[in-house]
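> Listed below, chain by chain, are the residues.
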Amino acid sequence: MLVGGSGLPRGTMIQHRIGRRFELIEQARTGGSSSVYRARDRATGHTVAVKILDADPKIDPRRVAREAQALAAVSAPGVARLIEHGATAAGQPYFVVEWLEGELLADRLAAGPLPRADAIRVAGEIALALGALHGLGIVHRDVKPGNIVLCPPPRGATLVDFGAAGIAGATRITTGGLGTPDYMAPEQAAGRPPDPRMDVYALGCVLWECLTGSRPPAGEVPADLAPLCERLLAVDVPIRPPDGNFVARALERVAGSDP
Amino acid sequence: MSATPRDDRSPADHQLWLVAIGDSYYASHPLPSAGEVELGRGEEADICIDAPSVSRRHARLLIAAGGIAIEDLDSANGTRVRGLQVAAGARAPIHPGELVELGSVSILLQRRAATGPRPARIWRHALFADRLAEECELAAAADKAFAVIVVPAPEQPEMVRGLLLSALASHGEVLLGEADQAGAHVFEVLILSASRHPVDEVVGQIQRELGAVGIEPRLGIALFPGDGGDGEALLGAARRAMEAGDDPRRPLVQSRAMVQLVRLIERVAAGNLSVLLLGETGVGKEVLAERVHQLSPRRGGRFVRVNCSALSQSLLESELFGHEKGAFTGAVAAKPGLLEAASGGTLFLDEIGEISEAIQVKLLRVLEDHALRRVGGLEDRPVDLRFVAATNRDLEAEIARGRFRKDLYYRLAGIALHVPPLRERGEEILPLAQRFLAGTTARLSEATRERLLAYSWPGNIRELRNVMERAALLCGDGEIRPEHLPEGLAAPPPPAAPAPADEVPAYAALYSDEEQKRRIVDALDRCRGNQTQAAALLGISRRTLVNRLNRYRLPRPRKKR
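Just so you know, the sequences run in chain order A and B. Sequential numbering from 1 applies to the first sequence in my numbering. Sequential numbering from 1 applies to the second sequence in my numbering.
If you are wondering where the hints come from, they were derived from the structure by calculation, not from laboratory data. Errors might be hidden in some of the hints.
Said to hold, decoys possible - Some residues of chain A that are not near chain B, with every Cβ distance over 10 Å (derived):
1. A55
2. S75
3. A87
4. G131
5. A132
6. E230
7. P241
8. P242
Said to hold, decoys possible - A few chain A residues facing chain B, derived, Cβ under 7 Å:
9. G102
10. R155
11. V221
12. D224
13. P227
14. F246
Unchecked claim - Take a look, some chain A residues computed to stay more than 12 Å from chain B by CB distance:
15. T44
16. D54
17. H85
18. E98
19. P115
20. P217
21. G219
22. A234
23. N245
Since the structure is predicted, the reported quantities are computational estimates derived from the model, not experimental observations. The C-beta atom is built at its ideal place from N, Cα and C for all residues, glycine as well.
Bound conformation, chain B alone:
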């Protein structure tokens, strides 16, 4: 979420806590900054751990400025540090974060922020909902994003309660609530827009903390404004995501430009206006097209995606409009097209700039008359469609060149939305990179972070994902260093060269031929002329790449024209 510029937490603000986790036991206790603390099952212990495998007087913590040690008090089931048994009466040094076992109970020492706004308790749903409604208003006015997470706890709600409080103890600006949903207990987490912790980090923290005791709940996440504009909608979306077992890897909206875009989409989606998404390749146009469908009254209908550059134009025509029996050789049976299949729902035409003049004319008819004629057919068939189209071409320039029909453009662009390239939403680069690494043990080194932030990302989010997935495979020890990045990224940018951001001209000019050419040449350079790799890097098909090489009269590697 939005970062506040300062972090005033100093070590002095941190307090040491002891967290004890048993089979069906969980407790956390604050510890003094110095002194001795006796742990045991008995009432005379300083910290009572009420579990059968813990002795009445089990162990003693010795806390001093120089370090912390644990001493076993001749316990029946023993004390283990880092898996090694501590001899009775002996002392072993321990560090915060290390696992210590007392019988079958695990204890952990944790440093937590001692002051400041942090979840102190779990609120009943009514109060949580009031605050959630306020946050929607606040974020809408400031163009900010925030997240709601639901954590189901059908069993052991008491344990989950303690774990959640502990998981979020060092997170400011997080609110916890709970509700009973049809008899099942659900915890609710609101990460306020003022929080400086990325949503994925909070989710990871909750999953780790619950996972440590073997609870693996299906978390449901909803983001404002993308998944809903009010509290009820957000909680509903989070609950549906939880029930559907959705991977929470949905569009990450953190930059101001994207928050505004998503809110616009939300408003536009409700109507039936055609939407044209403009933006570089790999910026996430398809994901946004699907959001238009999901947020529209047509969400019950189908969302049909057609990539207009993936098929030959004659095949595309028959795929889109369908054909009657005997319309052409091989048409042994009548077949409805994708437009008919999508009727009642949304048709997403990706790479709309690639369609032929003939199909442009036929599409225009569908847009104007809400009816189509199959190839070889005689009668008009009514269709009820919402059109969403996307392109990385400058359609207005294509119109000027006579390659794209102006009347079709205006029909498709009921509203034209520009999706900003990744380099213009720098605050999303690292959270996205971390998201693509989720599920791996890989971490980003400081130098790698700098490289990722300095790079211009011509292939946008798709390129970032490819780079991260490759790096995760290459790094042996879990740390991604610059040498695990592709060549163009591995070297620090030459300080004398103008920064990529400075080269970015006004938006319309982004789609100039020069820019397209430069990006293609860059990509081919970085892939040593391998067209398949370069196409993947640019997030386009190899065929599109070849088309563009021809269009820009660029020499084709290994096959000189």
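Looking at chain A on its own, in the form it has when it is part of the complex:
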């Protein structure tokens, strides 16, 4: 959903247009089962990101609809805005979201940890984005540095890719293969129904990695952040803050006090 910055086409163009409205410009990224293109919205002239999923009979159309619903329902600065969704002539589901100019947090972390204030800010912005989703009963279930775009201010860190989103408390429709093991809460790995506190755990991993440059439990976080990290990353679900908004407030309190 974003481009590295070279501006040159990196992939093979499979088609030039999605519907009548979106002209593909270049391939920006390929994921496990999808490709992301930079495209132009002929209706507005804006640059957009088009994510095309591989046509796969195993993909549950309900899951795709859920991703669209999740995106359409949320209006928060930290959540990528959905413009359109549908299926290509070849039957591949696609999503058109606003184009986010910025660096992927995963790429940024490859260069080492973030300064403390930046780490708290990024985690806080993603916490608020999650809070907006959680307020609607949506669990992202795949929070990781690869799904966070660092946009220039005032936008800030923005959460993308709702392919794994689920409705809190709902029965699982798909089994396995969702989420990213390194950032996945233990109960999510065990196949429990979606719960906002799964995202809270994953956000804890992201915060830890922003602070230390490595994944928990490697490295050491600042002492004043250690108690919050301990709660975010707890196996014991009830000790975790109940949703993203609570994490955002806890981070604000830490940021407000002297380290």
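Guided by the hints, dock chain B onto chain A, whose structure is given.
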């Protein structure tokens, strides 16, 4: 607490655990779903039970899909199942939950939920407190309730720790913490508002688990929002309840309507506004009046309750206002009244709708001037009172009829709060019923539960308590079946008849004469005309019942008018 609609625990989600309890020993171990497990004191045992009365190789568990058995390995102190000795080398079948003794160590097999949110460890106080603060915010926003329990462990904290984890192993949405309070160890339990386990059940589980090894701690319980609006207040209230040895039978707040009411009371209590509690008889108005006092800055002062219908009006006047020496025959000494006695505290006037015109005038003066004159007295005496009044009458209708002074009503009803009847808070019926059975061995059968839920409870909580206490005495084998309930409850409601809930009109109309009449006739019917019983069922005094029979011109049984 609030129930989540689904329960996804299936038998496959459960794991077998072995819990071993000795004199000063406690341990729990997960067991495989099939196979053999050797138990003994020696290191080579699969599960090492380090107690002197256990042999190095003591017994073997044989776990298979078809069942579980235990085999004694010629132990020195023997293996007993259900109290019977297992011969050396012999095998005895056992079931989860049955007590097995290895020497003087008791072991129990338990099935526990294998996955899901459940207390995995005990957290230090600082982290527990952070989460507690969040829960207060969460519950306040969603109008939900939750509970905090404190468990003191002055001795053997290690043992209590293990027992608590084991007691709550199958409870989701429960958090455990611990703190050192003035050198004494205290465990803290937070039952999140998302928990589907009633507070009383969690308390019972903790008491059973600790009781099994002879520890009987005084638990302290505090409920949000009734006992406090923030974490510190809740833990403080729970600690005070523990130190006071309070029976944890305080207002049970589970329905949305009651949670909102209690939060309102909490806010109102802080000021000095007069509070008027309106609601049917037996809904718990007195308990709520006392909460107003407890949560107010006047909590250090006295809480004086006066039942305005229990005394003749002339006696009530002298009780309330006091009298000077010689004010009337028999007034041999001056006596301060209840209003003076309550000065600095809270005066609760129950059944305020019953007071005479003369007393209404005198009360109005107290409310307006903060002063009173004793019967036969000449001087005004200042009083500093907060008034809480309650009635099951429709006071506005009484005003329309000229029976109650409008100016007094507006003085008393600084804020008027409606306490919903029990039938409008159905989710509290079964938890309350279970609470009234606490301390007995009685259980509710499925059919009984259905009857309790279908009934309209005209006498509200008081009636429910009476019904439960009676049933607990009647049921011989410990199970309360419909035949142990009073007649009106024992039969399933006729399906053709409109459900009681549908008859409930808008709130104001609840207090119409028709409704009052119907309830009185119902109660008399169910008690075969016995007025004392009917009054008890309605939660009013016999005198009030007789008054009402007269007022509604209902024929008085055995004494036709």
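> For every hint, state whether the structure bears it out.
Hint by hint, here is what the structure shows:
{"no.": "1", "hint": "A55", "result": "holds, 33 Å"}
{"no.": "2", "hint": "S75", "result": "holds, 20 Å"}
{"no.": "3", "hint": "A87", "result": "holds, 32 Å"}
{"no.": "4", "hint": "G131", "result": "holds, 12 Å"}
{"no.": "5", "hint": "A132", "result": "holds, 15 Å"}
{"no.": "6", "hint": "E230", "result": "violated, 7 Å"}
{"no.": "7", "hint": "P241", "result": "violated, 6 Å"}
{"no.": "8", "hint": "P242", "result": "violated, 5 Å"}
{"no.": "9", "hint": "G102", "result": "violated, 31 Å"}
{"no.": "10", "hint": "R155", "result": "violated, 28 Å"}
{"no.": "11", "hint": "V221", "result": "violated, 15 Å"}
{"no.": "12", "hint": "D224", "result": "violated, 12 Å"}
{"no.": "13", "hint": "P227", "result": "holds, 6 Å"}
{"no.": "14", "hint": "F246", "result": "holds, 5 Å"}
{"no.": "15", "hint": "T44", "result": "holds, 38 Å"}
{"no.": "16", "hint": "D54", "result": "holds, 32 Å"}
{"no.": "17", "hint": "H85", "result": "holds, 29 Å"}
{"no.": "18", "hint": "E98", "result": "holds, 31 Å"}
{"no.": "19", "hint": "P115", "result": "holds, 25 Å"}
{"no.": "20", "hint": "P217", "result": "holds, 16 Å"}
{"no.": "21", "hint": "G219", "result": "holds, 20 Å"}
{"no.": "22", "hint": "A234", "result": "violated, 8 Å"}
{"no.": "23", "hint": "N245", "result": "violated, 9 Å"}
The structure shown violates the earlier hints numbered 6, 7, 8, 9, 10, 11, 12, 22 and 23.
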